[in-house]
Amino acid sequence: MNDVTLREQQLVALLDTRDWLTNAAQTCAFIAQQFDALNWVGFYRQRPVNMLVLGPFQGLPACNPIPFEQGVCGKAARTRQTQRVDDVHAVPDHIVCDAASRSELVVPVIVDDALWGVLDIDSPNPARFSTDDQHAIERLCRVFVEASDFEAVAA
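Counted the way the working numbering counts, the sequence shown spans residues 67 to 221.
Honestly, the hints are just simulated from the structure, not real lab data.
Keep in mind that a hint or two might mislead.
[Stated by the list, open to error] Have a look at the derived ranges for each label pair, beta carbon to beta carbon: (1) Q75 - V157: 29 to 37 angstroms; (2) N116 - D198: 14 to 22 angstroms; (3) D153 - E217: 22 to 30 angstroms; (4) L87 - I176: 15 to 23 angstroms; (5) D159 - P127: 18 to 26 angstroms; (6) D152 - E217: 20 to 28 angstroms.
Glycine included, each C-beta is placed from N, C-alpha and C at the ideal position.
Using the sequences and the hints given, assemble the complete structure.
Below you can see the structure in the form of structure tokens.
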């Protein structure tokens with residue numbers, strides 16, 4: 067059994083409720099514990115349209131809110147594509163919440179074909195996230211979505 071499958075099975079076991087809020091908190095804590103060299107893991111929800119607001123997270127206090135037009139999280143929300151950035155300081159519109167963060171991985175969370183929010187992960191290490199990490203985190207996001215009930219998502 068590979069690490070991805072084992073991690074997915076472990077997260078499924080943790081998500082023993084259908085409540086999205088509890089599951090989001092558990093998912094953040096699980097990722098923070100399972101992956102090395104992270105300094106922030108958290109969800110931002112789309113509320114209102116074209117704006118991300120802070121949800122459950124692990125780490126230092128965070129920037130809030132984040133407009134779709136700014137930063138790596140905004141780009142992931144706007145494009146609905148995962149953003150893997152090796153050096154956040156090279157991104158012209160990067161929003162600095164923690165100056166220690168050097169690389170970032172942001173996965174859009176899609177529920178019923180609508181953007182619910184994003185999962186944002188920061189690391190103090192440049193180029194921390196590999197393609198394998200990206201795929202593993204995307205799979206863990208799918209586990210979170212499949213295990214959770216969500217209120218109606220704004221279009």
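- prompt: Taking the CB of N116 and the CB of D198, does the distance hold inside 14 to 22 angstroms?
  reply: 32 angstroms, violated
message: Against the range 18 to 26 angstroms, how does the distance between the Cβ atoms of D159 and P127 compare: consistent or not?
response: 21 angstroms, holds
task: Could you tell me whether the CB distance from L87 to I176 stays inside 15 to 23 angstroms?
output: 18 angstroms, holds
field: Cβ separation of Q75 and V157, checked against the hinted range 29 to 37 angstroms
entry: About 35 angstroms separates the Cβ atoms of Q75 and V157, which means 29 to 37 angstroms holds.
task: Confirm or reject the claim that D152 and E217 have a C-beta distance inside 20 to 28 angstroms.
output: 36 angstroms, violated
query: Range hint 22 to 30 angstroms: satisfied by the CB atoms of D153 and E217?
result: 37 angstroms, violated
When each numbered hint is compared with the structure, violations occur for hints 2, 3, 6.
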